[in-house]
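Undergrad: The residues making up each chain are set out below.
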Amino acid sequence: ETGVTQTPRHLVMGMTNKKSLKCEQHLGHNAMYWYKQSAKKPLELMFVYNFKEQTENNSVPSRFSPECPNSSHLFLHLHTLQPEDSALYLCASSQEAPAAGSTDTQYFGPGTRLTVL
Amino acid sequence: AQSVTQLDSHVSVSEGTPVLLRCNYSSSYSPSLFWYVQHPNKGLQLLLKYTSAATLVKGINGFEAEFKKSETSFHLTKPSAHMSDAAEYFCVVSDLGGNKLVFGAGTILRVKS
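These protein sequences, in sequence, are chains Z and V.
Under the working numbering, the first sequence has 60 at position 59, and the numbering climbs by one with no breaks.
Under the working numbering, the second sequence has 45 at position 42, and the numbering climbs by one with no breaks.
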């Protein structure tokens, strides 16, 4: 788990709060990802960044705002969330984003358990 | 488009007995296939990966999986379960057409003493 770290590990917030999730990877990778893991649902890809550029937004509501200042750091800014947004948010990184001819292994952080009241 | 189906949501075995977690996939191109494990309150850890080399893939902690193209399957096995294997396991597919990873719904493995 030391390859990809996430903070905080747990977060409780009200619907009017603004908070941010942080992810940092120490693997020298160029691609980073946010996933949402809800109870009894498959893991859902939210965003992909490759070389700091967003390459995928999987129809995520605008109350989730990602930021990737460099290849090692990824943030997820949260604003006016809904109770159904409560979930485990996982960050991952890989050497590069999936592309024709290759699929690099993704390495995951421990996640942030988010509860929206 | 690719998809993956994990045939069992829960599997229960006794310690020391074999483990079989089933996965079927659908992919338009030559797929890459993965198994990840998630222990409680932890992130996903890669167990093993298939990328068109040997069809029998060996992973960590004694797990292995066999790619069977004719059956579109990639089942995960282990000869002898250990208590520490209790976790949730995810089968994942990605095709070489450049699409993103698609995760199965997960199989929760329970190991009884």
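Wrong hints could be hidden among the right ones.
[As the list claims (entries may be wrong)] DSS-like, lysine-lysine: derived pairs with alpha carbons at most 27 Å apart:
no. : chain 1 : residue 1 : chain 2 : residue 2
1   : Z       : K37       : V       : K115
2   : Z       : K19       : Z       : K42
3   : V       : K45       : Z       : K20
4   : V       : K52       : Z       : K42
5   : V       : K45       : V       : K71
6   : Z       : K42       : V       : K115
7   : V       : K45       : Z       : K23
8   : Z       : K20       : V       : K71
9   : Z       : K20       : V       : K52
10  : V       : K52       : V       : K71
11  : Z       : K19       : V       : K45
12  : Z       : K23       : V       : K115
13  : V       : K71       : Z       : K37
Hints listed in this document are in silico derivations from the structure and should not be mistaken for laboratory results.
Undergrad: Hints numbered earlier in the text: which of these fail when held up against the supplied structure?
TA: 1, 5, 8, 9, 12 and 13
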